[in-house]
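Enquirer: Letter by letter, the chains look like this.
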Amino acid sequence: MKAGHGEVLVAEGDVEVPEQEQELIAAFRAQLDQGMWAAVPLRDRQGRREAELVRSFEEIPRDAERVIFFPRASGGS
Amino acid sequence: MWLIYGAAVIVAGVLAARFAPAKIGASLSARRDVRRRGDEVERYDPGRERRAEQRARALLRSCVNPDEWAMYSELGFIRVWGQAATPASDALPRRESDPPYAYLIYPHKPIVAYVPQTSRLLSEYCVEFGDLERPYGSDRLPPSDDVLAKWLALTADEHRLITTANMHLAGRQIDPARVRRDLARLGIWDREQLGRAQRVGSVSEL
Chain S
2 MKAGHGEVLV AEGDVEVPEQ EQELIAAFRA QLDQGMWAAV PLRDRQGRRE
52 AELVRSFEEI PRDAERVIFF PRASGGS
Chain D
9 MWLIYGAAVI VAGVLAARFA PAKIGASLSA RRDVRRRGDE VERYDPGRER
59 RAEQRARALL RSCVNPDEWA MYSELGFIRV WGQAATPASD ALPRRESDPP
109 YAYLIYPHKP IVAYVPQTSR LLSEYCVEFG DLERPYGSDR LPPSDDVLAK
159 WLALTADEHR LITTANMHLA GRQIDPARVR RDLARLGIWD REQLGRAQRV
209 GSVSEL
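Protein chains in written order, with my numbering: chain S, 2 to 78; chain D, 9 to 214.
Because the hints were derived from the structure by calculation, they are not lab data. Since the model is a prediction, treat every value here as computed from it, not as a measurement. Quick reminder that beta carbons are idealized off the backbone N, C-alpha and C, glycines included. Careful, some of the hints might be misleading.
A few chain S residues that face chain D, going by a derived Cβ cut-off under 8 Å, partial list only [stated by the list, open to error]: (1) Arg50; (2) Glu53; (3) Leu54; (4) Pro72.
A short list of chain S residues far from chain D (calculated; beta carbon distances all over 10 Å) [stated by the list, open to error]: (5) Pro19; (6) Glu20; (7) Gln23; (8) Glu59.
Go ahead and model the full structure; you've got the sequences and the hints to work with.
Expert: If you want it as structure tokens, here you go:
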């Protein structure tokens, strides 16, 4: 998500393809370096949708379909 | 296949202009004013925010639960149960198993915590998801992206979000009367949803 713009596709690839995985890792790190939070949409045991915040590429479930980056939260007024 | 959504890595085009020395002629300054207004006209795209919001709504819909999307579409906010005790399997309230607290997520407004059983308002959590590229873009996410960011953060790590937010007594920013009206609307909406679910259930039993 990008302020004023909405979602922007940052990278796309298959983690089973080594070159594409490296590109995904680089894109992931670049986003976190910019201070973004990364969330993976998931389903719980009852099938309800929820999310998981991830801090490293290794934490992303291998079967995840997407990772959503959004600006880090800060206390508002 | 993974898709990674987020902020663009490259900011295209920097339009910042540096204005001149202290002493400038009136005509020059007037021309600059015109040019500055012209820049603003060029930069202002009346459809950009609308398109951004449309994309944000589509992304929100793809992430939240169908009942939460319906709630947002019809009521303008999303209820998220407190993680301390989540009801068994669905979003519809069952008084005996209601968790002790829940949140209302509004776009670009504080998150409101309340007690579902009594509708008592607990507090407001003020949180922002600021623009890291300021000042080249709008400093706010589209409304539905703001809702999604809160939903992602709340469902993923409620404690982290709540400890990050500034907590205030209920009523500081959002009129408590409005929240109570929203809770009343939510109660009606819940009953309608429950009625629909029961009707579907009884039809499928036939």
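Enquirer: Could you work out which of the previously given hints the structure breaks and list their numbers from low to high?
Expert: Going through the list in order, the structure violates no hint and respects every one.
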